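Using the sequences and the hints, build the whole thing.
Residues per chain, in single letters:
2 protein chains.
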Amino acid sequence: MRATLMYKAGDVRVENVGDASIEQPTDALIRTVRSCICGSDLWPYKDLAPTEGGARMGHEALGVVEDLGSEVSNIKKGDLVIMPFAFSDGACEFCEEGLNTSCLDGGFFGLNSGIGAQAEAIRIPQAEGTLFTVPSTDDGPMLASLLTLSDVMGTGFHAALMAAVEEGDKVAVVGDGAVGLCGVIAAKMLGAEQIIIMGRHPKRVELARDFGATDVVSERGEEAAERVRELTGGHGVHAVLECVGSEQSMLTSMQIVRPGGAVGRVGVPHYQAIPETATTFFHNVTVSGGPAPVRAYIEDLLPSILDGTIDPGRVFDQTIGFDEVPDGYRAMNDRESLKVMIRP
Amino acid sequence: MRATLMYKAGDVRVENVGDASIEQPTDALIRTVRSCICGSDLWPYKDLAPTEGGARMGHEALGVVEDLGSEVSNIKKGDLVIMPFAFSDGACEFCEEGLNTSCLDGGFFGLNSGIGAQAEAIRIPQAEGTLFTVPSTDDGPMLASLLTLSDVMGTGFHAALMAAVEEGDKVAVVGDGAVGLCGVIAAKMLGAEQIIIMGRHPKRVELARDFGATDVVSERGEEAAERVRELTGGHGVHAVLECVGSEQSMLTSMQIVRPGGAVGRVGVPHYQAIPETATTFFHNVTVSGGPAPVRAYIEDLLPSILDGTIDPGRVFDQTIGFDEVPDGYRAMNDRESLKVMIRP
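Protein chains in written order, with the working numbering: chain A, 1 to 344; chain B, 1001 to 1344.
Because the hints were derived from the structure by calculation, they are not lab data.
Computed from a predicted model, the values in this text were never measured in an experiment.
There could be a bad hint or two in this list.
Claimed, not checked - Far from chain B, by Cβ distances over 12 Å, these chain A residues were calculated: (1) Val17; (2) Gln24; (3) Asp89; (4) Leu99; (5) Asp139; (6) His158; (7) Gln194; (8) Glu222; (9) Asn284.
What the hints assert, rightly or not - Some chain A residues close to chain B (C-beta under 8 Å, calculated; not the full set): (10) Tyr7; (11) Lys8; (12) Cys92; (13) Glu97; (14) Thr101; (15) Ile274; (16) Thr277; (17) Phe281; (18) Val287; (19) Gly289; (20) Gly290; (21) Ser304; (22) Gln318; (23) Thr319.
Said to hold, decoys possible - A few chain A positions that, by computed beta-carbon distances, are all more than 10 Å from chain B: (24) Leu42; (25) Pro50; (26) Pro259; (27) Arg265; (28) Pro269; (29) Arg330; (30) Asn333; (31) Glu336.
Beta carbons are placed, not taken as given, at the ideal position from N, Cα and C, and that holds for glycine.
Here it is in structure tokens:
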């Protein structure tokens, strides 16, 4: 089968590898219907050290179940399933609390586990706890929206929940990538009254407005913080969704949050420390977040996708086949594409 | 009147100063019934730079209302009142949300405002929003417990709420000072099943056990973290109450919190950054807290004090008159005394 490997920063190749297959009785094998490239794949694209044999890439997929281990009984061959970016047994104390990303038998697809989703087929560990069956469909836009439940829509929702967005709140979303845009959708679902998108890319900002953003701040650094304070009567926002993970974005997040407010961080941290320690203390600011337990959120979000209330699949602005995957990475890295979908 | 002034680190004096009096129509004047020395007063006791004329000290008091500004109508002369460590108007958007320590017309007693509570009388700004009338009493232990609503009991309660303590939780309290001990009381009130006090002072640890602590960890640093993990089945605690504010205590807090758990910090930060940024991200740890809005908590806590369910006044292990205040600072700084009460 064909799969995506990254050999070092900037070096992505699609190669023939051994077919994925069942290895454990708790595994399933899925044939990939849709996969995609994630903003977080761009971190290794910028800085991965040379790796012997290449690293398997990709952690988001929709697939059809092709084979099942002997201990998997809650899904069946032919099911259309969502594969969350983390696998989890669904049974340990953390899964029972809804924190599947801390599963005691779990792990992350892609780089860390050696199981890449940017491939024609994928072995799914802990399939009973991991996969989620959805109604079969071949509707393109619906498949795109379902695919976002693998990661970006669930991650944006997590940011909003961790930032404790409530009815009537003023909210800022830091980052106009796919997660940030899904964060706008989530903030609106939770009843935010004002949603400020912080970004400067015209198409992304336009999509953010479609999704419910009420204001756009395209300034950066201290000027951006100043502008947010102006837009919010001087005190900042109740909730910040930090969807980037850089030192600057985290600093801005801390500067625009209102006393008593919260920052929900979902951008993988590329900063050494949470800044503004004393200010956030004296302002009783909460910092929360981490890898989203998207498996737990599928039940919350799926109905709104199925009935058309939300259409997060619009974050995909380019669809490619496997041959074009290396160029897909380049296009996302150059910010030519917002998010690239792969259709085998 | 007599008042406490700190001239520089280690130099505390009780001197005659001009009588406190009404300055604004929103002020009240109270005659001090009880005041006390706070663990946070020990920070300037260790590092205050020399100050011309001395800094007024003290931010906790019980008093009897002696005079009222023309705009104060919800309290009356002769009332026994609790003075929270911050003054607040009770009417701004932050006060209405229960975050009185971010009041738009507020401030902090002691060093920052020049109004010290370790004095025979105290001018209270924003008296309507600040003071809380309680039933008159001359019962010594009851007065001591009421006095803790000025700061330490409300602050321990804030730590527990910000750490999101819930029924059945495993909780660790970092610090065996008065706030930490009140944190034990608060964790028990909120239904914690396991309460680990981290401290090594025999008398304080004993009082913590009386208040509801189930385990004691007297190790420090990495050994302390290891011991907490052992006591909690390997994963750490759901909630950490950080009641010190040092770099080491914050690091320990981050090392003992369970994935998905929270650290409620109330120790004034003497660290530059919140440590373990990446670990806490991958574990979805929440960091919250700040100066406690103790004014908002009096209503929650007062009934349990009045009916004897809790007796936080036991944190006072020494009672002194004004002449002995300098020695009271020394005794607390040397950890001879847990918390010193001042009876004029």
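Cross-check of the supplied hints:
no.: 1; hint: Val17; result: holds, 28 Å
no.: 2; hint: Gln24; result: holds, 24 Å
no.: 3; hint: Asp89; result: holds, 15 Å
no.: 4; hint: Leu99; result: violated, 4 Å
no.: 5; hint: Asp139; result: holds, 34 Å
no.: 6; hint: His158; result: violated, 9 Å
no.: 7; hint: Gln194; result: holds, 15 Å
no.: 8; hint: Glu222; result: holds, 20 Å
no.: 9; hint: Asn284; result: violated, 3 Å
no.: 10; hint: Tyr7; result: violated, 25 Å
no.: 11; hint: Lys8; result: violated, 23 Å
no.: 12; hint: Cys92; result: violated, 10 Å
no.: 13; hint: Glu97; result: holds, 6 Å
no.: 14; hint: Thr101; result: holds, 7 Å
no.: 15; hint: Ile274; result: holds, 4 Å
no.: 16; hint: Thr277; result: holds, 5 Å
no.: 17; hint: Phe281; result: holds, 5 Å
no.: 18; hint: Val287; result: holds, 5 Å
no.: 19; hint: Gly289; result: holds, 7 Å
no.: 20; hint: Gly290; result: holds, 3 Å
no.: 21; hint: Ser304; result: violated, 24 Å
no.: 22; hint: Gln318; result: violated, 29 Å
no.: 23; hint: Thr319; result: violated, 32 Å
no.: 24; hint: Leu42; result: holds, 18 Å
no.: 25; hint: Pro50; result: holds, 23 Å
no.: 26; hint: Pro259; result: violated, 4 Å
no.: 27; hint: Arg265; result: violated, 7 Å
no.: 28; hint: Pro269; result: violated, 5 Å
no.: 29; hint: Arg330; result: holds, 28 Å
no.: 30; hint: Asn333; result: holds, 23 Å
no.: 31; hint: Glu336; result: holds, 29 Å
Against the hints set out earlier in the document, violations occur for numbers 4, 6, 9, 10, 11, 12, 21, 22, 23, 26, 27, 28.
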